[in-house]
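Let the hints inform the model, and build the full structure from the sequences given.
2 protein chains.
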Amino acid sequence: MELTIENFKETLVDYNIRPTYQRIKILEYLEGNKTHPTVDEIYHHLYPQIPTLSKTTVYNTLRSFADADLVLELHVDNSEVRFDINTELHGHFLCKDCGTVYDFEINTEKINDDQLFIGLDDFSIMSKNIFFTGICKKCKNQ
Amino acid sequence: MELTIENFKETLVDYNIRPTYQRIKILEYLEGNKTHPTVDEIYHHLYPQIPTLSKTTVYNTLRSFADADLVLELHVDNSEVRFDINTELHGHFLCKDCGTVYDFEINTEKINDDQLFIGLDDFSIMSKNIFFTGICKKCKNQ
DNA sequence: GTTCCTGCAAAAGCTTTGCAGAAGA
DNA sequence: TCTTCTGCAAAGCTTTTGCAGGAAC
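If you read the sequences in order, they're chains B and L. The opening position of the first sequence corresponds to residue 4 in the working numbering, with each subsequent residue numbered one higher. The opening position of the second sequence corresponds to residue 4 in the working numbering, with each subsequent residue numbered one higher.
Everything labelled a hint here was simulated from the structure, so no lab data went into it. Be careful, since some hints might not be right.
Pairs involving identical chains hold if they fit within one copy or between any two copies, as the list cannot separate such chains.
To be verified - With a straight-line Cα cutoff of 25 Å, these simulated BS3-like cross-link-like pairs (lysine-lysine) come out:
#: 1; residue 1: Lys143; residue 2: Lys131
#: 2; residue 1: Lys141; residue 2: Lys131
#: 3; residue 1: Lys143; residue 2: Lys28
#: 4; residue 1: Lys28; residue 2: Lys141
#: 5; residue 1: Lys143; residue 2: Lys12
#: 6; residue 1: Lys140; residue 2: Lys12
#: 7; residue 1: Lys99; residue 2: Lys131
#: 8; residue 1: Lys99; residue 2: Lys143
#: 9; residue 1: Lys28; residue 2: Lys99
#: 10; residue 1: Lys131; residue 2: Lys113
#: 11; residue 1: Lys131; residue 2: Lys37
#: 12; residue 1: Lys28; residue 2: Lys131
#: 13; residue 1: Lys99; residue 2: Lys140
#: 14; residue 1: Lys28; residue 2: Lys113
#: 15; residue 1: Lys12; residue 2: Lys131
#: 16; residue 1: Lys58; residue 2: Lys141
#: 17; residue 1: Lys58; residue 2: Lys140
#: 18; residue 1: Lys143; residue 2: Lys58
#: 19; residue 1: Lys58; residue 2: Lys131
#: 20; residue 1: Lys58; residue 2: Lys99
#: 21; residue 1: Lys12; residue 2: Lys113
Structure, rendered in structure tokens:
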């Protein structure tokens, strides 16, 4: 299936978000660039196409996307928030050398083993964040 | 074993950190208050005892502790960094209701199962952060 | 004596807020 | 038409930086 403006519009409507031009373009950017971008990166990439765009709108949009569970907020360090259009359970790996944030897969059966995490009986878990740091394959081979 | 000023001094020397009065008191605070405090919390708790203390020193000290792997930096959201004197592998749980950050235990054998996290072959892992959010037992029972 | 640390003030950087004009339903 | 959104400017907060005096070794 090809992703068109109409598809992004529909997605926004499905999530009860009014499909303005700015929001459609931001969603399109996130779908096409799964690199966990920051507000600043999104703003600078879209600015050439939307010269009237403001950072406030990017902030507002991502807040509404996150509130609607259309994106995930990543707090990899406390500098800038990053956003992930993939809201399925998965892990993140930050390479301390090149700064890339990689996704990695989590075995759902094994992660739900109730002997893996101890002491959370009677706690309601809303989100699970698995975040590793280290040196990626690419940087190791250089 | 009783923890005295001398013990904290020794710990700092062991970690190659010059044991100044401020650093000793900050370490003492962290050992006695395992609540993942912020810079602001540490500063305000110590200020009555050390009226000349500055926040800059608290920042500097925690940076040097973190660089020496004497404390862990926690990024639970992007508001303020929190610090954990427990550097053993363990998880954190943030209660969305009361704001408490709980520690929880991780089964070391199961977490090291190489089928749990997929796609990290040839990546060097330096730190593993497991961070859950939800509602804690206490808040659920109110 | 030399090196490193402390603490003040100022600056920097990310994010939020207030609000008037514009766009969506 | 009515509600909601955009974008500008200003403010808010946490954190960093520069530097002079002070403490540690």
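Quick rundown of the hints versus the structure:
For the identical chains of this complex, Lys143 and Lys131 are inter-copy neighbours only, at 19 Å across copies versus 28 Å inside a copy, given an alpha-carbon limit of 25 Å. Taking the shortest alpha-carbon separations for Lys141 and Lys131, only the inter-copy value of 20 Å comes in at or below 25 Å, while the best intra-copy value is 27 Å. For the homomeric pair Lys143 and Lys28, neither the shortest alpha-carbon distance inside one copy (36 Å) nor that between copies (40 Å) is at most 25 Å. Proximity of Lys28 to Lys141 under the C-alpha cut-off of 25 Å is found in neither arrangement, the shortest distances being 31 Å within a copy and 43 Å between copies.
Proximity of Lys143 to Lys12 under the C-alpha cut-off of 25 Å is found in neither arrangement, the shortest distances being 42 Å within a copy and 38 Å between copies. For a Cα distance limit of 25 Å, the shortest separation of Lys140 from Lys12 qualifies neither inside one copy, at 38 Å, nor across copies, at 40 Å. Both within a single protomer and between protomers do Lys99 and Lys131 lie at most 25 Å apart by alpha-carbon distance, with minima of 22 Å and 13 Å respectively. Taking the closest pair of Cα atoms, Lys99 and Lys143 come within 25 Å of each other only inside a single copy of the chain (11 Å); across copies the shortest separation is 38 Å, beyond that limit.
Proximity of Lys28 and Lys99 under a CA criterion of 25 Å is satisfied in neither setting, with 31 Å inside one chain copy and 31 Å between copies. Taking the closest pair of Cα atoms, Lys131 and Lys113 come within 25 Å of each other both inside a single copy (14 Å) and across two copies (17 Å). Both within a single protomer and between protomers do Lys131 and Lys37 lie at most 25 Å apart by alpha-carbon distance, with minima of 20 Å and 22 Å respectively. Taking the closest pair of Cα atoms, Lys28 and Lys131 never come within 25 Å of each other, the shortest separation being 29 Å inside a single copy and 35 Å across copies.
For the identical chains of this complex, Lys99 and Lys140 are intra-copy neighbours only, at 12 Å inside a copy versus 36 Å across copies, given an alpha-carbon limit of 25 Å. For a Cα distance limit of 25 Å, the shortest separation of Lys28 from Lys113 qualifies neither inside one copy, at 38 Å, nor across copies, at 42 Å. In the homo-oligomer, the alpha carbons of Lys12 and Lys131 never lie at most 25 Å apart, since the shortest distance is 29 Å inside one protomer and 38 Å across protomers. Proximity of Lys58 and Lys141 under a CA criterion of 25 Å is satisfied in neither setting, with 33 Å inside one chain copy and 39 Å between copies.
For the homomeric pair Lys58 and Lys140, neither the shortest alpha-carbon distance inside one copy (34 Å) nor that between copies (39 Å) is at most 25 Å. In this assembly of identical chains, the alpha carbons of Lys143 and Lys58 never lie at most 25 Å apart, being 36 Å within a copy and 38 Å across copies at closest. In the homo-oligomer, the alpha carbons of Lys58 and Lys131 never lie at most 25 Å apart, since the shortest distance is 29 Å inside one protomer and 33 Å across protomers. Within a single copy, Lys58 and Lys99 get their C-alpha atoms no closer than 27 Å, and across copies no closer than 27 Å, so neither meets the 25 Å cut-off.
In this homomeric assembly, Lys12 and Lys113 never come within 25 Å of each other (Cα to Cα): the closest approach is 37 Å inside a single copy and 43 Å across copies.
Comparing the model with each numbered hint stated earlier shows that hints 3, 4, 5, 6, 9, 12, 14, 15, 16, 17, 18, 19, 20, 21 do not hold.
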